[in-house]
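J.: Using the hints provided, position chain B relative to the given structure of chain A.
Protein chains: 2
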Amino acid sequence: MSESKQITIAGAGLVGSLLSIYLSKRGHQVSIYERRPDARKNLLDGGRSINLALSDRGLQALAKVGLEERVLKEMAIPMYRRVMHDRAGNLSYQPYGKEGQAINSVSRAGLNMLMMDEAEKHGVQIHFSHAASEIDLDSAAAVFKNEEGQSKEVKGDFLFGADGAFSAVRSVMQKTDRFSYSQEYIEHGYKELEIPAGPNGEFLLEKNALHIWPRGSYMLIALPNPDASFTCTLFFPMDGDPSFASLDTTAKARAFFEKEFGDALNLMPNFDKDWEENPDSSLVIIRCYPWTRKGKVALIGDASHAIVPFYGQGMNAGFEDCFVLDRLMDEYGDDWSGLFEAYEKERKPDGDAIADLAMRNFVEMRDLTGDADFLLQKKIEGRFSEKYPDKWTPLYSLVTFSPEVRYSEALALGKRQDALMAEIMALPNIHQFWDSEEVEQKMLALAERL
Amino acid sequence: MSESKQITIAGAGLVGSLLSIYLSKRGHQVSIYERRPDARKNLLDGGRSINLALSDRGLQALAKVGLEERVLKEMAIPMYRRVMHDRAGNLSYQPYGKEGQAINSVSRAGLNMLMMDEAEKHGVQIHFSHAASEIDLDSAAAVFKNEEGQSKEVKGDFLFGADGAFSAVRSVMQKTDRFSYSQEYIEHGYKELEIPAGPNGEFLLEKNALHIWPRGSYMLIALPNPDASFTCTLFFPMDGDPSFASLDTTAKARAFFEKEFGDALNLMPNFDKDWEENPDSSLVIIRCYPWTRKGKVALIGDASHAIVPFYGQGMNAGFEDCFVLDRLMDEYGDDWSGLFEAYEKERKPDGDAIADLAMRNFVEMRDLTGDADFLLQKKIEGRFSEKYPDKWTPLYSLVTFSPEVRYSEALALGKRQDALMAEIMALPNIHQFWDSEEVEQKMLALAERL
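As you go down the protein sequences, you meet chains A and B in turn. Numbered by our numbering, the letters in the first sequence go through residues 2 to 451 in order. Numbered by our numbering, the letters in the second sequence go through residues 2 to 451 in order.
Wrong hints could be hidden among the right ones.
The list cannot tell twin chains apart, which means a pair is met if one copy fits it or any two copies do.
[What the hints assert, rightly or not] Below 20 Å or equal to it, Euclidean Cα-Cα: the simulated SDA-like pairs (lysine to any residue) are: (1) Lys176 to Ser134; (2) Lys349 to Asp240; (3) Lys99 to Lys156; (4) Lys192 to Thr177; (5) Lys274 to Gly371; (6) Lys208 to Leu268; (7) Lys297 to Gln175; (8) Lys176 to Ser282.
Hints were generated in silico from the structure; no laboratory data involved.
Extracted from the complex, chain A is given alone in its bound form:
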């Protein structure tokens, strides 16, 4: 058993809460300071539901602290496949993995509340409405201010910045020499819309699926909620034509939806209100290094690697940070300097890889899922992978269902698979004989190169 430490965490979001559980289970005294009020007492978002896709990496991290089954049972809706909607409302389908494999739609707020409850059960102190105002990187001391402006100085042995994409801890680190940092806003933003439950409380689209309306340079998606509603998100350029800037009246937006997303619009009785009231939010990719400072301070989750949401991996990557850190704690014992160094060295390439993968998947979702060649390629890969599971795992499965493969390894393997599949897709008349013995033999030969 290693020595018990006083640990401060900035941020009681998903990653901060999970981290606090891991640390308190190891016997450390953990205090979390959270800028926002306690969401369990104040339903601030007026019930607006943001949902996330929880998959195997996140589940593995939850399992380690005994939360996997409870989360799956109490709040997750498994989504087994993508359902693509074309402009005419015709549907096509693409399974996410093998029979029975699914990603899980969960409510961010619900999951966060469950984990804060669990953290408190383990003795974690959560101080809400306390924003970081000063941070001393050398001593891991911090000053947090509450809404009345009262300051509280917190001295601990270690400080974790689990305070998200706009991390206050990181912004202090950013001013230190040789701290590399980037914040990159992509040209697309997003707006949330809603498809409510049907008149008898039924789901109005296929329940156990993630719905996509791929339209080339933009897309609409929908994820199911336990109350039979769907949370829809339009990912759309901020400027240009069309864009949030060009659809500058609700009438224009409605006309645009009629043309592009007719079947979805028909299920959106509150479209006008949602369009007007829900913000056009921006999407940012954050990269930085180092993630730790002098064995005293460490960044984790979005604070160290905020990514775009298109692979459904933001939360899963943050949870995996906790899982990896915990594994390294077994190895490093009381050597926290060694621990922090090993943690950032191991996780940085994976944070970079999932950032790249997430941007790649945006192109795939908005553009390629509407493309016959792409869908055929996935079908060939899926068929081959099912027959020769030890020779081929599709990239999506590596990222989503294979936590034993690092993100950085998945990305590298995916690139080799892409090059190889380009040869298969270049075969004459591949659409006719894709399921032939000849193609299978060619795949077998090529797969030797992977």
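T.: Below, chain B without anything else, positioned relative to chain A:
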């Protein structure tokens, strides 16, 4: 004549001073607030001399306000060629351009003082020892604090952030939505050393040259000063072996220099003191966008595009910002919103291009200038360019001696030239018949593709 405005500039460095001259010549009321004390009254650096390479883009910008000739006459030492020193002290040579073309070694401090004097002559008010403490991006108002902690609120029509790589103005912009930003520290840092004048006040190395000791992954360079000394800079990895970290005693550093830079070390009587007292400084590349905010605030120079020093273009790029802004002012008159938008749109690709070019030139200087193939390639290009000046301008000349070509155009053309020269260098026995009619004809044919 456009309407006279109140303009605040943060930073009285090279770019801030030049910008103030441009603006005051147009009839605007300009106040500069500078964090540091007046260098003309306080020789803070104890005479430590940082010199810069002033070339045609910078000269063009100085010429527009009548300063080119004075600067060239009073403080510049033309450098016509690179002199490469190998480990044995053997020299080789590479001209920078055509006969008579040179880059100019100037003292940063000296040039800055000249330009501050000139700015004040034009009525610019410079307030020293005033650091920005608050900036309101919407109104262009700012609060500056002096060393006694007294605050001064400054309201103007427009605010320019000419406050360098660690710009306070930019750091406020960084917190606004959709502001993309990166600070990237490269793995190399630098340390300054000195070769003093000889016993009779003579230059101990060839005066009108930039000296390079290329050693693959690192290098030493030396630029001449008017007092016959040379300022030497070691560009060296911060970590690894060898690195500033590995040379952790002066004795180790001296032994390393004896092996690697023997002829230079022989001319450095103060090596031990310089090594111990001069810092290991880091090198950072800063990129951001947008550069302006609501037609009220604009970044310029290093604040918008800090680059590594290896192309000698940092100051030149900042001066060119002023030159371009001035040209656009003719076009946009009193439409400052239009002006700022046109300025950032035009200059951003050029700022990105010179950042890339500067990193490429580091590889060229430290590694390729010691490579026989590279030197031959440059000789072939030089010969061809001299004979057919309208068909070929070497990349270095495009960047350094061709201010009519944008950095972004130079970079694009340079990449096409590289591809083409790879074909020439792949010819069998090119070292034997590089100056043959056959190679010339082949170059002529290939150059049609550019």
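J.: Could you work out which of the previously given hints the structure breaks and list their numbers from low to high?
T.: The structure breaks hints 3, 5; every other hint is satisfied.
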